[in-house]
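K.L.:
Sequence:
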Amino acid sequence: MRESYLQCTDLVGEGTKELNVEGNVVVPGFIDSHVHFISGGLQMMRVDLHGVNTKDEFLRRIRERVTNSKQGSWVLGGGWNNDLWGGELPTASWIDEITPYNPVWLSRMDGHMGLANSVALKLAGINNMSKDPNGGTIIKTSNGDPTGLLIDAAMQLLLPQIPEVSVYERREALLRASNLALMRGVTTVVDFGRYFPGTSMEHSWEDLSDVYSWANSSGKMMIRVCLFFPLETWSRLVDLISKTGHALSNWIYLGGVKAFADGSLGSNSALFHEPYVDEPQNYGLQVLEFKTLSNMTTASDKFGLQVAIHAIGDKANDLILDMFESVASKNGERDRRFRVEHAQHLTPGAADRFGEQGIFASVQPEHLLDDADSAIRKLGMDRAQKGSYLFRSLLAGHAQLAFGSDWPVADINPLESIKTAMKRTPPGWENAWIPSECISLEEALIAHTMSASRACFLDRDLGSLTPGKFADFVVLSTNSWDDFVADGSASVDATYVGGVRAYPFSSKP
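With the working numbering applied, the sequence shown covers 1 to 509.
It is possible that part of the hints are untrue.
Said to hold, decoys possible - So the derived label-pair ranges between C-beta atoms look like this:
#1 F303 <-> D56: 29 to 39 Å
#2 L19 <-> W481: 35 to 45 Å
#3 V485 <-> E430: 25 to 35 Å
#4 S464 <-> G125: 35 to 45 Å
#5 H50 <-> F457: 47 to 57 Å
Claimed, not checked - Simulated crosslink set (DSSO-like; lysine-lysine; CA at most 27 Å straight-line):
#6 K17 <-> K70
#7 K131 <-> K291
#8 K291 <-> K243
#9 K386 <-> K423
#10 K122 <-> K55
#11 K122 <-> K140
#12 K243 <-> K220
#13 K17 <-> K469
#14 K55 <-> K220
#15 K220 <-> K140
#16 K70 <-> K55
#17 K302 <-> K330
#18 K122 <-> K70
#19 K302 <-> K291
#20 K17 <-> K220
#21 K243 <-> K70
Derived by calculation from the structure, the hints in this document are not laboratory data.
Only a predicted model underlies this, so the values are computations on that prediction, with no experimental measurement involved.
C-beta: ideal position from N, C-alpha, C; glycine also.
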């Protein structure tokens, strides 16, 4: 510590402030490489079903909200995970009796499936005659009646019926989300917006103009954001960047564009080469037609945009790796930093291709805690063990990892994410899931800092405690990593953004 301090004194200049952290560990501000920031803030104000592990508790929370809602108003919420109560999917019949006068929409934790009650289905005109849209599924009973569950693009049949969220609510959501992130040591997020299959592509653009631009101009930004927009709107982003550049300020960066190749494992809509064990006729969904996806990616890349594609199933990942290789060949060599969001399930050899092609694997360690049991059940032990969350294999193939949470799908908590990547021990398990894929503390820290900054082209300003970069850093509650490595016991004492303490808030440093 003494040597480090003496080295720092050489950098002291006029106006330099000295901060005594009493020997505690200091790390660069954590970068969460994948969030839905406004969505998460809105979810904090709705029915929270995260962690619910019984049908009774599921119903209790909905009943409580309905009791406090006006008749006819929408009851919104989400975060439920049917795997926590044994796997049975909820249906409209579960909640119709307690919601006779209120339309209800409750998204699954992954955002790729949601539950509507019968009032909401009627408003949306969804009945036994309704057909599945491209890239989506209306789950029906054996008699052909809608169960209330909609997957991916099928959500578009209902979501337009929900009143638009007010500007005030979205601005409040940003402030709530920012405070939570700062409490967890996150100083920068990569925000993929409120866009999911089935939702409006305008949401990301509305949040830029109504929320982020407002917060930036009124001095209310507390956390740095790198924004990604729907791939279908790539030309609008090209036009905007040509006028403003990538940095709208030191707080807001225009990152690139994102699209979906498939759905999610939990919704049985992730795209695989082999069928789901629990649904032998189901291989998952290809959300966007491949030629369309490839053409838009080629055009976006040609105009210099960074492209990120959501891919969870092994077939989806193979398709995207092939597509990225083809696009790079067509458009020529440049520093493009393609990203695959999630990269959860890979075929043999796919992990090496990330490194060979210079593709960033934007992964979320906390998801493996929820997916371990369900992956084994849905894919079978052999497939799940060989191809799931291959962090060590990706690093061995010289890929760069960028850690994130996918908040509000999982909690925004880098220290927990780092611990999970090191330990890989799901709840109720005594041993690690695929222990050969555990990574070291240093590798996990880099994935949440330096590598994460490179993954969004912000490595000149962020990601390390280096002269010339922004003074974004976190003071931890421990003076050694030893206890954290042993049992994960560390928390955030303070978070600084631009050299100013942002958490806990105080007028003093």
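K.L.:
With reference to the structure, classify each hint as holding or not holding.
P.N.:
Okay, the hints, checked on the actual structure:
no.: 1; hint: F303 <-> D56: 29 to 39 Å; in the structure: violated (53 Å)
no.: 2; hint: L19 <-> W481: 35 to 45 Å; in the structure: violated (20 Å)
no.: 3; hint: V485 <-> E430: 25 to 35 Å; in the structure: violated (19 Å)
no.: 4; hint: S464 <-> G125: 35 to 45 Å; in the structure: violated (54 Å)
no.: 5; hint: H50 <-> F457: 47 to 57 Å; in the structure: violated (32 Å)
no.: 6; hint: K17 <-> K70; in the structure: violated (53 Å)
no.: 7; hint: K131 <-> K291; in the structure: holds (23 Å)
no.: 8; hint: K291 <-> K243; in the structure: violated (30 Å)
no.: 9; hint: K386 <-> K423; in the structure: holds (18 Å)
no.: 10; hint: K122 <-> K55; in the structure: holds (24 Å)
no.: 11; hint: K122 <-> K140; in the structure: holds (15 Å)
no.: 12; hint: K243 <-> K220; in the structure: holds (24 Å)
no.: 13; hint: K17 <-> K469; in the structure: holds (16 Å)
no.: 14; hint: K55 <-> K220; in the structure: violated (40 Å)
no.: 15; hint: K220 <-> K140; in the structure: violated (46 Å)
no.: 16; hint: K70 <-> K55; in the structure: holds (24 Å)
no.: 17; hint: K302 <-> K330; in the structure: holds (9 Å)
no.: 18; hint: K122 <-> K70; in the structure: holds (19 Å)
no.: 19; hint: K302 <-> K291; in the structure: holds (16 Å)
no.: 20; hint: K17 <-> K220; in the structure: holds (24 Å)
no.: 21; hint: K243 <-> K70; in the structure: violated (45 Å)
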